[in-house]
Amino acid sequence: MSDETRAPGASRGLWIGLAVGAPVIAYGLVGLATAAPLGRTFAVGRWAAGLLVVHDALLVPLVIALVYAISRWTPRPVRAPVVAGLLGTALVLTLAAPGVLGLGNPSGNPTVHPFDTTVATAGALALVWAGAAVWMAWGVVSARRVRNR
Amino acid sequence: MKVSLPAPPFRSRLHDERTAALLGAALGIAFVTCFATGLLSHVAQDPHPWFPWPSRPAGLYRVTQGVHVATGIAAIPLLLAKLWTVYPQLFQRPVVRGVAHGIERVAIVPLVAGSLFMLFTGLANINLWYPWSFNFRVSHYWVAWITIGALVVHLGAKWSTTRAALGREHAATTAEPAGDDARSRRGFLTAVAGAAAGLTLLTVGQTVWPLRKLALLAPRRPDAGPQGFPVNRTAEAAGVTGSATDPAFRLIVEGAVASPLSLSLADLHALPRHGATLPIACVEGWSASRTWHGVQVRHLLALAGARPGASVRVESLQQRLAYRSSLLTATQADDADTLLALAVEGEPLHLDHGFPVRLVAPNRPGVEQTKWVTRLVVT
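So the sequence lines, in the order shown, correspond to chains V and A. For the first sequence, numbering that gives the first Met the number 0 assigns the number 148 to the last residue and increments by one with no breaks. For the second sequence, numbering that gives the first Met the number 0 assigns the number 378 to the last residue and increments by one with no breaks.
The set of hints was computed from the structure by calculation and includes no laboratory data. Careful: at least some of the hints might be erroneous.
Incomplete in silico selection of chain V near chain A, CB under 7 Å [said to hold, decoys possible]:
# : residue
1 : Ser10
2 : Val23
3 : Gly27
4 : Ala79
No experiment lies behind these values; they were computed from the predicted model shown. The C-beta atom is built at its ideal place from N, Cα and C for all residues, glycine as well.
With the rest of the complex left out, here is chain V (with noise of 0.2 Å):
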């Protein structure tokens, strides 16, 4: 945003959010500090930074180039649809991956992921596909409507 965009009374918004803001992180920061050895609170500090550096430095460049792969080699009306069908097969994956790769449950507790979970996944899947297709569908006759008015 740039500051001719910057709306009017945006830092006297800042200052409010700040004033209540602050004393609820510093909360938080204290809260977390004392409530642990400090070593697991460094843990928890390397951990989120983690998070932030593997979103911003890995997962959204491989999107964006993945986004630009597909505006060059796809049809513009199967576009849009292609990507949300990639990327809610990512998220599938993100949240069958535990079940899937076998992560946690170090107990072998039977009652957590109680099915199969590749079958379960690949339903879910089909389910992302089936929305994405009806979208494709959709998205090729709406454009020849529109060449063939």
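Given the structure of chain V, go ahead and fit chain A onto it with the hints provided.
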């Protein structure tokens, strides 16, 4: 040779203030909902004198924690879309334009890092996956305060801009022709809303019974487990397999009582039974309602001669790991449906559900429904 580079995606209206404002509003509602329900969960596990956790309505915790986890999951696509929309601002130059702008930018760091931390650790927790060295509950709680504080700062900084951007809708739709960008923004927001709704639909069945068959991405199914519902900690993991099946088992009632009790399992079965249909509602977001039969805690307290208004610490046979005991406030202990359950759905409890006897009380987190109970300490 002239090399023509494609227009960077940053020029798209997917990165404009209105898109960011719409996503920010949705994300703000999600985060405030998560924060409020998370605080309730915290208070339910550690009751404060200034906010005694009520024993009614019986299904309140089931609703608040179900909403907490469902909203957290729905917030994943909202957060990623919002960060995508504002990503170009990471490369804003000059980096800092003044004190106010510098503070605004610095406050973004705890907001984004905290948001990613909250959603990642929450998602891992519902899968009982702990790839870190810190305590989940402690960290999730305190980082929530940091994140919500940073959100308040951000809201203040962006309040005017957001209002202006949202107010631009009428002007934009009437004055500008709906071009490709407008369509792609609409498509983008529709896709994000669809992703949030889809993830909710594919996970919320872990607590909403009619949708259980659709819970393809949920780690639990409310109908899967011994006696038809899940277990959070098995008897083997708790190390009670031997002690819980020992014929010499006794239930002790002691502390501030006139006549301490020591009851065998047969003694317990001989006491008057009470039935109640109550949910087991886990902090990980799953829940299942079942009909329990057992002895009322208030009946046991009366037998032992405890004073009215006494609170009770309920102790398990479990010797290690967290949650080996829980506290019943006076209100909870006196509730007619607070039971030391001996049976569920007409059958003796399965060992993993707390055989020989477990606590079941209205409106409590699952981790506070102590299993394999061996002692009530009245205070």
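Against the structure, the hints:
Here the hint on V:Ser10 is kept, as its CB sits about 5 Å from the closest CB of chain A, short of 7 Å. A least Cβ separation of about 3 Å between V:Val23 and chain A falls short of the 7 Å threshold, and the interface hint therefore holds. At its closest, the beta carbon of V:Gly27 sits 3 Å from a beta carbon of chain A; the interface hint therefore holds under the 7 Å criterion. Annotation: interface hint on V:Ala79 holds; nearest CB of chain A at approximately 4 Å, less than 7 Å.
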